[in-house]
Amino acid sequence: MKQSSTLPPERKAQRRRNKLKKWAPAYLLMLPGVVYFFINNYIPITGLVVAFKKYRVDTGIYLSPWVGLKNFEFLFATNDAFVITRNTLLYNLAFILVNMVLGIAFAIFICEVSNKWLKKIYQSAILFPFLISIIIVSYIVFAFLSVDNGLINKSLLEPLGMDSVAWYTEQKYWPAILIIVNTWKTVGYSCILYIAGIAGIDRALYEAAEIDGAGKLRQICSITIPCLMPTIITIVLLNIGHVFYANFGLFYQVPMNSGALFDVTNVIDTYVYRALLKIGNIGMASAAGFYQSLVGFILVLVSNGIVRRFSRENALF
Amino acid sequence: MKKRILAFLLTAVMAASAFAGCSSKGESAPEGGQAGSSGAAGAGGEAAEEPYDLTFMYIVGGDYPDQAEVEQAMKDLALAEVNVNLNIVTVPSSYENQLMLMLSSNEALDVCPLGVQSNVVSYVANGYLEDLGPLLDKYAKNIKEVYGDEMKIASMGDFVYAIPMNKERDYAGGIIMRKDILDGAGVDVGENAEKLKTLSDLTPVFAAVHEKYPDMTVFGGDYAYTPASIHYGRSIDNLGSEFGVLLDPVNDSTVSNWYESDKYRERVELMREWYLAGYVQKDLATSTDSGTTQMRAGNLFCDFDLVKPYRDVEAEQATGFECVVFNIDEPIKNMGTVLDGWSIAHNSKDPERAMQFLDWVYGSAEFNNLMNWGIEGKHFVYTNKAENNLIAFPEGINMDTVGYHQNRGWEIPNQFLAGIWEGNPADLWDVMTEYNSTMKKSLAYGFLFNGVEFETELATLNSVREKYVYALGSGSVDPATELPKFNEELYAAGLEKIMQAKQEQLDAWLAKKQG
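Same order as they appear, the protein sequences are chains A and B.
Residues 1 to 317 in the UniProt record's numbering are what the first sequence spells out, letter by letter.
Residues 1 to 515 in the UniProt record's numbering are what the second sequence spells out, letter by letter.
Chain B on its own, in the form it takes in the complex (with noise of 0.2 Å):
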């Protein structure tokens, strides 16, 4: 009986933990269509020629019903004018595991998004990706137009691995309020402005707020959007990762620690004081909520978030609060929104007609609504073409009812060549062309830090940063005596290294770009 029992256990047990060891292996991504009949195609791209079949692949957030039928009017679309049969490929947003599998397995890909998480400098190194620089030279046409001079900043060294996302050029962060309680605590901003210059100004009218509503929280959110947690912005170059940053990018080129600079310092320092008044969430450091959806619940009078032209209109659709956005940082131009492009695999068969394609389709407002929005008609409709680029939905149709709409124009190539959502300014493109082209300039701007020998010190200098950044973000330890610890721990854990790695490939960069 015993032997019998223990047998049984025995079984159970190794049935449980062989299951509970199975992994999931790496799905292997979706067969690509042949690409084909491409070598006697010739560089002129004239119509009389064979189409050349073109994979592509794109985000999608999520299911639609009409995906296929949008697709198709994308394929009828490219044939037509580029004279290109579309093989389309669509993945999540975290696609990074298909596209490595894809690029590595020499599978059919021609153009590709690359996103802020992926890994750039190791794509370069191992040859994944095709070299932008002569292609852009020869056909960019509608790309050039867009960017003009900087058509080539997404590169490391000479090699152009992407062409950048149309979008805003630096992540710089705000506090955004509501401005009913605003007005209910007796501050006016709008008078007040010249008074509020800095990130400390806001305390009296914190405040403010606070003893008027004493039970409501006066600013909360996410644990990584505080103005010292973000790893955005805040007029510093972080030069690709935390670690060994610009903090005056525009005249200096001095690679610094940002932990250790008076900027984050003052920071931690202030959001431990607004905790110790009672001012902010007491559940900061882990709360999982943004604060667009707690200002939504209605509890919450302020967050802090990244802004851009027109951000009071984006946070009044989505708390449905009127709001007042103070912009705490100078945007400047860095590195960090141009990790996002476009790119050409290096397992293109023909890459110069896939560069052509995708100078289109920085040219084609059509295609662009169309990756976007759907068909027009049937998914939007432009609600006064004659006067301006607004659209919305079709009669009957609604956000539960319609069939495609991505609403991801961040992640398409130009989305300033698109429709404008109902609700928005019908000038918000232009106000945004103007935004970037004003934007101050990092010195670093266009240079990739290659870390591919650092990993092991960047994979320890993460595991320190996430112990202490998120706890003093929010005010919930005491600076005074954890901000030493974490400067100790960071340099113990090789920050000197990286610092100077950085130093002197940016030194070489800057000669270069000199010379």
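The following block holds chain A by itself, in its conformation from the complex (with noise of 0.2 Å):
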């Protein structure tokens, strides 16, 4: 930078020129990413307006009349606006931190398995869960914990000579529930993901290890884990983002949209669907959205934050 600014004027354009040049097909490589970002995630932002709108479909959403903050008030009109917040807020922290942690174990564990065979069959394994449907995963949990037919009651708890539980309407099995069924869900996805990152480390630093003399555990704590550090960062900062988010499926389907389970099972998300599914309040949908966006937002910024204040190469901006 220092020495361009001493040059003449002519040959900073001319610079700037074949830098273009030299960069343009990766530019071009980039527009089509662009123009579908563009279209698809920042024109519908000007729609946020209809949050603070009453809607009509006869006027459309920009002549629609203006409501202020309406639409918000039932987001917080009775005392189940702490209790949303609350498991939506403790959920997805608890699945980020669980796995997080599960996540780079089997990671570790299937990057040791020396059979190419075996690791991909592990590997697939664990994805494969993934890959189902939330409908599907709500039935195989109903066939394990049905009071009726299931598996636990009939075949574990019974034959113990212990009571039956019914699971449907018990709220404090369902915050272990809930985080089980989700991690092996989705701890595939996240296990790949390291898995990626653990590829990626120089296997030089691992043979200087050996030599030095340092075992498996030595080598996960001193050589995998801080070099992965970038990409679990990475990875826990863009699930801050959706930390508002719940999985719809998984708090819906899961515990069968029992009543008796709302305390426990109830996120933003199922209240939203809850509440306005009988009305179709377009107005009052985009206010809940908006809402989670914003809270969203400022976490990640607020994250990003503290990121960049201990180690400033691995924050995201």
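Since the hints were derived computationally from the structure, they do not count as laboratory data.
Please note that the accuracy of each hint is not assured.
Dumping the calculated DSS-like pairs for lysine-lysine here, alpha-carbon to alpha-carbon at most 27 Å [unchecked claim]: (1) A:K172 with B:K485; (2) B:K513 with B:K497; (3) B:K212 with A:K154; (4) B:K378 with B:K141; (5) B:K167 with B:K497; (6) B:K441 with B:K513; (7) B:K378 with B:K144; (8) B:K195 with B:K512; (9) B:K497 with A:K70; (10) B:K167 with B:K485; (11) A:K54 with B:K441; (12) B:K141 with B:K263.
Computed from a prediction, not measured in an experiment: that's the story for all the values here.
Make the complex out of the two chains shown on their own, each in a separate frame, by following the hints.
If you want it as structure tokens, here you go:
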């Protein structure tokens, strides 16, 4: 930079042209993506105004009358507001944490498998649940938890002489059930990301460590995890941006929409769905979406700020 | 390397989230035929004038191979009999968005059905529908014959928004029981009929069945279908939503809270008693398998369902077992079933011609047959036309090979004119007419609550209701602790406000009706 500032203006322009020429194919490659994001993700942002309007189909979004914050009222109208915010945040934080720890652990295990075929099999097996529709997952869970015919009640508790449990009306088990189900379903995906990260670590580091007499555990603590740090931070930051979006299927389908469990399974998305299903108010639904994006945006900024303070090169921006 | 992996990860995640963010936009409704040449149409509807291009929407249950052929037959019939060029738009039963778009975008649309879930109030408020009142006065002949004084019942204030579909006028509840099990358990309902009056009289019956058939589920079904979860019937008038109802709709116009009523409390307590005694399917609160399905599978003794005349015949056809129906509610005419109806869109170029067409439909057996059963001789035949109205598949045709078979009588204008499918009693429509005409009437029959101003309250009330009503209604939680909590949360969500508004609007409506 210092050098270029001493150059005469015509040389500067020349350099810029050269640079443009050099990078033109890259920009060209980028173009479809940019256009896609502009059309699909940026233009609709203007539609956010509908959250502040009384939407009328005949006049369209932009000519509908303004109503201020009225659409947001229902989100905070009852003490449900506290429950759904708490559930959404705590579950998602637990998911991020458990997924991270188990994801890294499985990634390390799988990378340690030397047989190539077995490695592929394990990797596919762990990813498989991620590809199953949540509806099917909910029935797999139901096969375990059904009161009348469930595996746990009929094959485990009753033969052991214990009372069967009405799983779908007992709140206290559900935080654990939801975390287990979510981990089973999604850990494969984060595991793959970490495997990609581990694959990128320079093998020479391990060889050097081995020569120095470091055991497997030592290698993991001193090489694998520190080298994975950027991947971990990126994934966690991206997940934090979604901490206010709940996985609707997980919270609606898996507990079978059981009213008795709402205190521990109601999250923003299910609350909005249940409240507005019968009313179909687009303004109120958008208000909920707007609130979620806003909180997600703030959380990303804050957590990125924290990361930047401690390790600048790992921050996203 | 590190940077490259990071970049790769970022791209991958971004791409994934971009796809996840993709939401399907509402599809634009199909282009309707251009309505034209109606300017010259006079009021008379003489045969000499140009045929009117009329866009007609109706609901179909699925794609049938002969759909086009049936539509052509409908067109030919309409052209010959009422000089109308039909442009037919078929929609699936979840068609609300499509209807809303067509109504709001000035697309060609004349005659359309309104479903139970439709937002009638906002349609009227936004001016999407034609006021049928004056048109009915002028043109209703067949409709008047069918409904008499009640032809304008589907109205908001003076604005008539629809002509009801011809069917039962209240969805009353009942318990449907397998007769072979009753006999096996030694319970003779016929003999004990006078002893069985109320729901709680069933407890000894259930006990007997449970003792004789310990492995059988005594009571089960779909979570929304229990005497305490259902939001139809119950001999009350729920005035359009569950929040603020008339508990004694025939005599008293006071709006009260159903969930605080003795009747509701008795029902949830009874469900709890049955649940604890082991009669109720343990997963009932979350079950989505209907009682009919479970009964057909063979391990269910009884379920709760909406009943009407000859419900036992229908149940036997659906389950394969001879059934006994125990009515728990006295049916009372209310607006619940009237929200299904046929309307004329404001987009109509000539509402008068549209009304003439609609009136003709209410009198045309052939047209109603075409809508529901297809072409006579090809998709159905009259088994003995001289004797009765019964119809069946033609020789060599069955359910799998038939080219058109809607069997959605409740969604066509006047099923009472159409054929009755074989297996049903031949006097079905007479009995149904009798059932409707002898039914007691709610004081609020004809009143429609305008809740446009209360959407915030209705939204929160809905979510409170969802939280409690099915858990309580299936007996899986204790009403002694949960019921007071339920009501407390309802009031916190603004129940009082809705009840007050309903009472005010109802009083004003009643006063106007008197005066």
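Hint check:
1. A distance of roughly 19 Å separates the Cα atoms of A:K172 and B:K485; the hinted pair therefore holds under the 27 Å criterion.
2. With a C-alpha separation of about 24 Å, the suggested pairing of B:K513 with B:K497 holds against the 27 Å cut-off.
3. Annotation: proposed proximity of B:K212 to A:K154 holds, straight-line Cα distance about 23 Å (limit 27 Å).
4. Distance restraint check for B:K378 and B:K141: the Cα-Cα separation of roughly 31 Å exceeds the 27 Å cut-off, and the hinted pair is therefore not satisfied.
5. For the given pair, B:K167 sits about 34 Å from B:K497 by alpha-carbon distance, which is inconsistent with the 27 Å threshold.
6. A hinted pair counts as satisfied when its Cα atoms are at most 27 Å apart, and B:K441 with B:K513 qualifies at roughly 15 Å.
7. Proposed proximity of B:K378 and B:K144 is contradicted: the alpha carbons are some 32 Å apart, above 27 Å.
8. Taking the CA atoms of B:K195 and B:K512, the gap is about 44 Å. The hint is violated against a cut of 27 Å.
9. For the hint pairing B:K497 with A:K70, the CA-to-CA distance comes to about 17 Å; that is within 27 Å, so the pair holds.
10. This hinted pair does not check out: B:K167 and B:K485 have alpha carbons roughly 38 Å apart, beyond 27 Å.
11. Between A:K54 and B:K441, the direct Cα distance comes to roughly 37 Å. Violation of the 27 Å bound is thereby established for this hinted pair.
12. Distance hint between B:K141 and B:K263 is unfulfilled; the C-alpha atoms sit about 43 Å from each other, more than 27 Å.
Of the hints listed earlier, those the structure fails to meet are numbers 4, 5, 7, 8, 10, 11, 12, in rising order.
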